[in-house]
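Residue numbers (the working numbering), protein chains in the order written: chain B, 84 to 348; chain F, 84 to 348; chain S, 5 to 348; chain C, 5 to 348.
Rather than coming from a laboratory, the hints here were simulated on the basis of the structure. Do not rely on the hints blindly, as some may be mistaken.
To be verified - For the chain S half of the interface with chain B, some residues (derived, Cβ under 10 angstroms), not all of them:
(1) T27
(2) V82
(3) A143
(4) L239
(5) E241
(6) L283
(7) L287
(8) F291
Unchecked claim - Cut-off 27 angstroms, straight-line C-alpha distance, at most; resulting in silico cross-link-like pairs (DSSO-like, lysine-lysine):
(9) S/K341 to S/K312
(10) S/K237 to S/K341
(11) C/K341 to C/K312
(12) S/K20 to B/K166
(13) C/K20 to F/K166
(14) S/K177 to C/K237
(15) S/K177 to C/K334
(16) S/K237 to C/K177
(17) S/K260 to S/K334
(18) C/K103 to C/K68
(19) S/K151 to S/K177
(20) S/K237 to S/K312
(21) C/K177 to C/K237
(22) S/K334 to C/K177
Note that the structure is a prediction, hence the values are computed from the model and not measured. Backbone N, C-alpha and C fix where the C-beta goes; we use that ideal spot for every residue, glycine too.
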Amino acid sequence: MRKDSFLWFSLLSSFVVLLFVTVPLLRMLTAPSFSALYETICDPQVYRSIWLSLYTGISAAAICFVFGTPLAYLLARSEFRGKKIVEAIVDLPIVIPHPVVGIALLGMVGKNFWLGRMMHELGLRIVGSPAGIIMVMTFVGLPFYLQAAKEGFASVSPRLEYVSRSLGASMFSTVINVTFPLAWRSILSGIIMCCARAISEFGAVVIIAYHPMIAPVLMFERFQSFGLRYSQPVAVWLIIVCLLLFISLRMVGGSPRKPGVGSRV
Amino acid sequence: MRKDSFLWFSLLSSFVVLLFVTVPLLRMLTAPSFSALYETICDPQVYRSIWLSLYTGISAAAICFVFGTPLAYLLARSEFRGKKIVEAIVDLPIVIPHPVVGIALLGMVGKNFWLGRMMHELGLRIVGSPAGIIMVMTFVGLPFYLQAAKEGFASVSPRLEYVSRSLGASMFSTVINVTFPLAWRSILSGIIMCCARAISEFGAVVIIAYHPMIAPVLMFERFQSFGLRYSQPVAVWLIIVCLLLFISLRMVGGSPRKPGVGSRV
Amino acid sequence: MSLRIENLAVDLGQFKLNDINLTLETGDFFALMGPTGAGKSVLLEALVGLVPQTVGEIYVDGRKITNLPPEERGIGIVYQDYALFPHLSVLDNIRYGLKFHPQVESGDAVDDLVSLLGLGHLLYRYPATLSGGEQQRVALARALVVKPAILLLDEPLSALDPNFRQELRVHLKNLHAASGATFLMVTHDFSEALSLAQHATIMADGALEQVGTIEDIFRRPTTAVVADFVGMKNLFEVEFLETTAQGGGVEFRVGKAVQMGSGYVAIRPEDLILSDGPLISSLQNSFNGRVSAIRSHGFFYEIDLAVKTLTFTAVITNHAFFDLEPALDKNCYLSFKASAVHQF
Amino acid sequence: MSLRIENLAVDLGQFKLNDINLTLETGDFFALMGPTGAGKSVLLEALVGLVPQTVGEIYVDGRKITNLPPEERGIGIVYQDYALFPHLSVLDNIRYGLKFHPQVESGDAVDDLVSLLGLGHLLYRYPATLSGGEQQRVALARALVVKPAILLLDEPLSALDPNFRQELRVHLKNLHAASGATFLMVTHDFSEALSLAQHATIMADGALEQVGTIEDIFRRPTTAVVADFVGMKNLFEVEFLETTAQGGGVEFRVGKAVQMGSGYVAIRPEDLILSDGPLISSLQNSFNGRVSAIRSHGFFYEIDLAVKTLTFTAVITNHAFFDLEPALDKNCYLSFKASAVHQF
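Isolated chain B (complex conformation) (with noise of 0.2 angstroms):
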């Protein structure tokens, strides 16, 4: 084969914007000494911290799993007038900027709004507390749920569906038979993408919870106060233990039912 300019033109920009992404997150990872990573994560704060972002997160995705699969299933099974409008909808909270969603969020359960003043009659405080904290990632990480759960379900034949209903399930029966288990793979993944944009967020969580701190908070205000060596290894533990929890997700929930189902992936 003769050389191909196209080809060459597009393995080096190709490269070009690999290396954009993957060579300042190698360097960050690389740059905090074994000692600092040792004392980052004997200091209290930080560990409480990580924590938090966990706890938070996981719970943000759990509420995305429990509301928008329906949605999700609506969504990959029935057209319906509409329905473009309720997927810009969803899709909302990826380009709104994210003080803007804190401040919209606050806005909805401050006192000068019904929720918020029912929310406070119930003793439930959003403000500052891991419930907002929760609240707001929810927002966030919604879309990344709801997208993979979609196409999930949309690789899923109906004809699977309505043999299973032929055969005597009720509808309910066939998602939980049928359905779910061969769209499993899918909604594990967006329940993983939906937890880690969670983990992410900084700006919106910023706006309703600066305290108690997120990691990402934490990190933001070692930079501002430190300076860029005290804040990467608190990054560096932040990806470590989202990693080892994705990763743990992913080979406890691979494989729900039958090993049948990887089979077809």
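With chain B held as given, fit chains F, S and C onto it using these hints.
Chains F, S and C in isolation, oriented as in the chain B frame:
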């Protein structure tokens, strides 16, 4: 048709999800009075920040378009060892906590890394400059552009390219004359998503460049200094300007060549 | 178990069914045929309960099922692509429906079907590892194990390698006999219908054109659409007059016209006899024509002959072809019995 | 323009081509046939230059094109799905290649093809609004306007409604005559090859089984694979002995054995003559057999007859069927000429 409790449950929970996304946004958009909106837009700090957001966001999208398109094409067309890894790498910017993105990029352009020293010697200032903001925005917007462009290219049958080449067109002519016009709508969607995501970024930008202030940073500052009521009008203006930008992009770029393109979408 | 459809109408925008009336007796093997887009699949989906009907009623054994959800209709379906559950083993696929049919005594039904369909060695395999024919047998077993009153088969053999079709026809026939269920099969392949079904109907544009025995549909079509569909290529518009029919300058002897005035006649291509000279015989129709086209189809040839303004199509074997040596524009004689002329 | 392929081998993992040698003379219409998965499409892609060959050379008019990119090979292709550019009008589709062929005098070529293919009224329409037949004609015009040395056709008629195939065969034939290009057509439909091509080859498992005239391939297959593929259903393993061949307890008269020792004989199903009693005739082979299967195929019937341990398949028309009234297990006589027995 009889009542289907499964369907009702699905509709109800979908409705809850949609309300959760729309209510805070609508509430925020309708909260400021017209006079507050008018005063805000007359403030030079506000319109300068919005202009900076737009200009850096569009620049980031343009960079993604130029450098990302060849990679998107390769990912859509070729199978190679390690493709899954490349796809995972280009998705990383979505899941990396935003301050970590800022910290990582700062580490790369800092003076104790050769790239940073090189830039410094060339007089290219990254920290606290629009160039730095564009770099951060490119980083976070890239996956959104790549995803859409990849899908666009994948939807063009390779046979059309084969036919074009058998008719005498080089690979480059084929991409320009056949692939690109047919994938254009997806590419445009990718540019818009990338631009929107870039403008929405706060946590990473604030690390690299608190000044000059992009709109989200200004909102954050107003929120911290003056409270919710003073940050809302800025948010409303930013959203209005972005909407106008995206709608006009769609209208101008909707059908790049011939009316026939529309008929296959 | 019998199936009765009364005045059924469905409107899906693109596809419509109008005023479908159909009765299947218990144990019937019924073929639903028609060109692509006629609405055959829509009718199946309406029977299963996946498509809402506008008007009309459906009865199974006299029980009205029109407004029941799919799971309460007792109608099974086997799709063209078999739609096996990919995450379940063959055995779990077959057993799937039993969970929802506690009244069916499960053990025997599964064992009987497994041995009848020769699936014993496949029970712990997954669908992705099966051949098309094996998948089809699993799909049949899965549908029949819950003892449906009616089993719908959507082009059951079309996705199979032609070499295996014959074998699976035999399986289908045995199954039908053993299960006692009523089978309704959609097909576009006439030979499939001929070899399997007892009764049939031809559907076109969302309406049933003719319902009857297979023999009736093939030999005695009552409408021009059916005649065209079952391969009566020589279909001409004529004026009937006592024992003759006239059209395009040709006078057909038809024995006895069943109607007066304008109508159609049709003659099967294989009922036409070609010869070099005029035949001295009892054949009442004999015309001189000119060969206008010759098409080879492997086992046989199709010859088009122009007689006055009409074009007749005859089918002859390769043998006859080499004897007759027809060539374009050569003159040829064309004969057929009066009884071979079908009138509409 | 001629095409010469020498020792071509391709290895795509799943699909392999081995040692392909093929020569097409200028102006030939060549059919490439074979079962699904034989590698026909891989060979086309290797010729166009989309698949890298492991060894071997390809020459067009003596010019080696083996390592040239697709755009410099002068080989056109028309795909099964036509692959028209959906964003260009019919006229722009046809003109597309001219941009890259400045040496072709464009105006006349376009006009000639447009009128030859009857596309005049479609020039400003877009592909999505065209029927399958119209799309195919546009694809042919687009490929031919740049005057390719060789035109590859990938199952050109298979995606069309059967009613239009005849018409498009005529178009193809005219185009071939008018363009003077060499056509290489992939097809799995024997009647297409018979009516269009002059030469043909049968491919199986990535290798060419037989190359020759259409007549040779169909009448004188040289390998058992080819015989099976072209429909010689009665293929038996035998021992040849001078003028006879023996196998399965049956003695065939073969005129003169072309070889001694073990081999195969094959007889076309339509060369078998069935009769109620023994025929007094010049037919040298005549056996008594038992009907073991009857299959209807619309225009004709296939009858299986058990003779000793062999099963013969005969094809008869519906007419002959009703005259003979064969039934399962009925006895029947089976006769055929010695010259109808093919030997391998």
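Right, here's what the structure says about each hint:
1. T27: 21 angstroms, violated
2. V82: 8 angstroms, holds
3. A143: 8 angstroms, holds
4. L239: 38 angstroms, violated
5. E241: Violated. Min distance 43 angstroms.
6. L283: 56 angstroms, violated
7. L287: 53 angstroms, violated
8. F291: Result: violated, 52 angstroms to nearest chain B Cβ.
9. S/K341 to S/K312: 19 angstroms, holds
10. S/K237 to S/K341: 16 angstroms, holds
11. C/K341 to C/K312: Distance ~19 angstroms between C/K341 and C/K312 Cα, so the pair holds.
12. S/K20 to B/K166: This hinted pair holds, its Cα atoms lying about 25 angstroms apart.
13. C/K20 to F/K166: Given that 27 angstroms is the threshold and the Cα spacing comes to 25 angstroms, the pair holds.
14. S/K177 to C/K237: 25 angstroms, holds
15. S/K177 to C/K334: 22 angstroms, holds
16. S/K237 to C/K177: Judged against 27 angstroms, a Cα distance of about 25 angstroms means the pair holds.
17. S/K260 to S/K334: 33 angstroms, violated
18. C/K103 to C/K68: Given that 27 angstroms is the threshold and the Cα spacing comes to 25 angstroms, the pair holds.
19. S/K151 to S/K177: 17 angstroms, holds
20. S/K237 to S/K312: 17 angstroms, holds
21. C/K177 to C/K237: Given pair C/K177, C/K237 is violated - Cα atoms ~30 angstroms apart, limit 27 angstroms.
22. S/K334 to C/K177: OK: S/K334 and C/K177 at ~21 angstroms, within 27 angstroms.
Checked against the numbered hints listed earlier, the structure breaks hints 1, 4, 5, 6, 7, 8, 17 and 21; every other hint is satisfied.
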